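Residue-level listing of the chains:
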Amino acid sequence: MTPQPVSAAAPAGVLRRYLFSTDHRTVGRQYFFLSLIAVLVGMVLSLIMRVHMAWPEVRLPFLGQTLPEDYLAYMTMHGTLMVFFVLTTAPQSAFGNLVLPEQIGAGRMAFPRMNALSFWLTAVAFVVVVSALFVPSGASQSGWTQYPPLSVVRSTGAGQGLGVDLWIVGIGIFCFASLLGAINFIATVLRMRALGMSLMRMPLTVWSWFVTAQLTLLAFSVLLAAALLLFFDRHMGTSFFVPAGVVVNGVVQKYAGGSPLLWQHLFWFFGHPEVYIAILPGMGLTSHLLSTFARKPVFGYSAMVFSTMAIGFFGFLVWGHHMFIAGLSPYATLAFATLTMVVAIPSGVKTVNWLATLWRGRIRLTTPMLFSIGFVSLFVTGGLSGPILAQPTIDAYLHDTYFVVAHFHMIMGMAAVFAIFAATYFWFPKLSAGRLMSERWGRVHFWLTFIGAYATFLPMHFLGMAGHPRRYAQIAGSAEYLQGLLPLQTWVTCAAIGLIAAQFIFLANLFWSLRRGCVAETNPWNATTLEWQPPSEALVVYRGAYEYGVVRDGRDYRMQSEE
Amino acid sequence: MALALLLLLWVMTLATAFLFAQSWLPSAISSGALRADSHLQLSLAILGVVFVLAQVLLGWVVWRHRERDGTASDTRSGSMALEWGSVGLAAVLFLGMNLYAAKSWAKHSFVGASRAADVIRVEVTGQQFRWYFRYPGPDGHFGATKPELIDASVGNPLGIDPDDAAGTDDRVSAALVVPAGREVEVVLRAQDVIHSFFVPELRMKQDALPGMETRIHFRADKAGEYEIVCAELCGQGHHQMNARLKVLPEGEFARWQAGGAQ
Chain A
1 MTPQPVSAAA PAGVLRRYLF STDHRTVGRQ YFFLSLIAVL VGMVLSLIMR VHMAWPEVRL
61 PFLGQTLPED YLAYMTMHGT LMVFFVLTTA PQSAFGNLVL PEQIGAGRMA FPRMNALSFW
121 LTAVAFVVVV SALFVPSGAS QSGWTQYPPL SVVRSTGAGQ GLGVDLWIVG IGIFCFASLL
181 GAINFIATVL RMRALGMSLM RMPLTVWSWF VTAQLTLLAF SVLLAAALLL FFDRHMGTSF
241 FVPAGVVVNG VVQKYAGGSP LLWQHLFWFF GHPEVYIAIL PGMGLTSHLL STFARKPVFG
301 YSAMVFSTMA IGFFGFLVWG HHMFIAGLSP YATLAFATLT MVVAIPSGVK TVNWLATLWR
361 GRIRLTTPML FSIGFVSLFV TGGLSGPILA QPTIDAYLHD TYFVVAHFHM IMGMAAVFAI
421 FAATYFWFPK LSAGRLMSER WGRVHFWLTF IGAYATFLPM HFLGMAGHPR RYAQIAGSAE
481 YLQGLLPLQT WVTCAAIGLI AAQFIFLANL FWSLRRGCVA ETNPWNATTL EWQPPSEALV
541 VYRGAYEYGV VRDGRDYRMQ SEE
Chain G
1001 MALALLLLLW VMTLATAFLF AQSWLPSAIS SGALRADSHL QLSLAILGVV FVLAQVLLGW
1061 VVWRHRERDG TASDTRSGSM ALEWGSVGLA AVLFLGMNLY AAKSWAKHSF VGASRAADVI
1121 RVEVTGQQFR WYFRYPGPDG HFGATKPELI DASVGNPLGI DPDDAAGTDD RVSAALVVPA
1181 GREVEVVLRA QDVIHSFFVP ELRMKQDALP GMETRIHFRA DKAGEYEIVC AELCGQGHHQ
1241 MNARLKVLPE GEFARWQAGG AQ
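The listed protein sequences correspond, in order, to chains A and G. Going by my numbering, the first sequence opens with residue 1, and the numbers climb by one from there. Going by my numbering, the second sequence opens with residue 1001, and the numbers climb by one from there.
Pulled out of the complex, with its shape left as it was, chain A reads as follows (with noise of 0.2 Å):
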């Protein structure tokens, strides 16, 4: 990047304009683009693995056969994708960027040139990340909750070497990135905020973000230490996680009194937070959109400020939740089992309020509100596995079994995408330069995803109850009780098909609709927050995120910055 004088008014280079740009749009826009990447690559490396679960000798044009080692390389790949370059990134990094100073009337990001080194740094992640499934010995096989000592002893396996190297320094510089970018958002919020906009009239979608960005801050802070701590027993003799006497192959290996255990606390204290991170900011744009399309207050708007904060603070105390068959203390699980329940509170409560929301309204069945309708049946269904997986009775037998797979695809998976489509369709015109996808093909796009995460992840939960374990890269050569479990699984495989060719749809629709969409109006929804008024009015906010519902002046609707 060459350094260029900073001036607003001097006309910006091609490579500081669309590349190394500091304006929050851009970086917003640069994000989403390469979660779409990602998303991408996640998804066929999901069709492979299906594909292979399936039908294990077939041949695959390039690849060729699929082997046991392979899915496990593509098995991480695709969770550690998906995770962090979609879920994390899509959410937060790309719409938050793209919205938020509008939405609270700042105009800016508080710090835009680290918000460009933020995104920089994520896409060089990105980059390091993928390039393992491209070195020799291929992608790490420990899956993305790298436990050690699988991930540590470079002998297990044969990905356990620059694969995992790779994944380790790719993660750590994406959670640099994650802490600068949440840093931005805390301070932005709290700092930039137009005159009259006050926390409580702030909308949903900004305090999820908000609240997201904290949680962020302090979860992704430990996973970096934890990476590094991972990095020294990997190459400077330390021996954090693995203890005295593991033999691997009949050669033992040089470590004494690290604990593998250790790992996993640390890991979920920051990777359960990170389900979080995932899905509030799906549920503030959920409380948003319902509200806009119903044309209708937020129902109970601090019941859902309050659930936001307490979701995000218990998810800090349930971590243990994942390791209730690692060989916790029983009186350990019994407390994480407890603080588990607790966070299904707030979750009904806003559910509750999402109902009371749509009660009464004047529903418009627009793609967005589709989005988010789904958005709700998702969050019901992949939410109320939870209760049962919590009970740790019941854990020790669903524990690493698909139930749990089907459990985080629904939630974490199908309704936290749900909601970036629901965003995508919504926001649009802020995405593209003041266009609107089509409605009709939009339609169409939610039908087929909606019948197609059902069909795919549903029948995951009974493959879960009948005893199958997860992260199986076959069923042929493993236990005989798995082998009646075969059509089970090519249905899932049939169905993933459908979904992922489902997909093809959105990706015309959107970039059919970057350069020729319907032009939107300024206010092409009737909405009432800041990011729809015309750009020339002076800021300031003289009411609160959701007056819908009464009629003046032949409106429904009056915005944040109307006297």
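Keep in mind that the hints were calculated from the coordinates and are not lab data. All clues given are correct.
Looking from chain G toward chain A, a few residues come up when the C-beta cut is under 7 Å (computed):
(1) His1039
(2) Ala1054
(3) Val1061
(4) Glu1067
Per the computed footprint, the stretches of chain A lying under chain G, defined by three or more beta-carbons under 8 Å from a beta-carbon of chain G, are:
(5) 153-161
(6) 324-334
(7) 350-361
(8) 370-377
(9) 399-405
(10) 448-454
Quick caveat: nothing in here was measured; it's all calculated off a predicted structure. Ideal Cβ placement from N, Cα and C applies to all residues, glycine included.
Here the structure of chain A is known, so what remains is to put chain G in place on it, guided by the hints.
Below, chain G alone, put in the same frame as chain A:
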């Protein structure tokens, strides 16, 4: 379109409820497994009611309050009664479920295996990608092991120290053989990476970690052959890491035990 959404949500809800009501679980062969099943069924029933109510209501509200001419939307923006009501209801429901489940968890996990002499003690060791089962032999004590002695090619896959007298009568088996109706204590260890001992018919799963011992105990009541699989990702052969659990009638088990002691 609102009608289509209502129908889709309702059909999906019915289908889900129907599918969950099918019997997916493998047979249960211990009282612990039966207890886990009854908890699971109860939870599925309670949460199933919540699930059906929420989805049916969602479909109905979307259809009932779709945009139509001449209707105005309600402007009510909250109700403290509803908020606190849902907090209270969710708290009673979920924490109650937790308290109820806690009782059986405590009963099973807060106490170890009984110290009675007839308890079978087995050490289960996970290694990429197989399980070993060691019995202490007639002396009732496991011999010491040393990592540097581990060598399957000389018949010592667990590294049992020949200098320790307690180890001379230890018996290493490729299958977990236990008598029906007697308590079994399993001590779990791992040599290389983390594995997880999982027997679906016992509804039981526990990680085996290098550098530490974890313990579980069970009593299998139904004689038969069952499968033991690995439930924690342990490398490329993870899906192949299985072994047999043979639950034998008392007399047969005694014969098996005598055979090994020779």
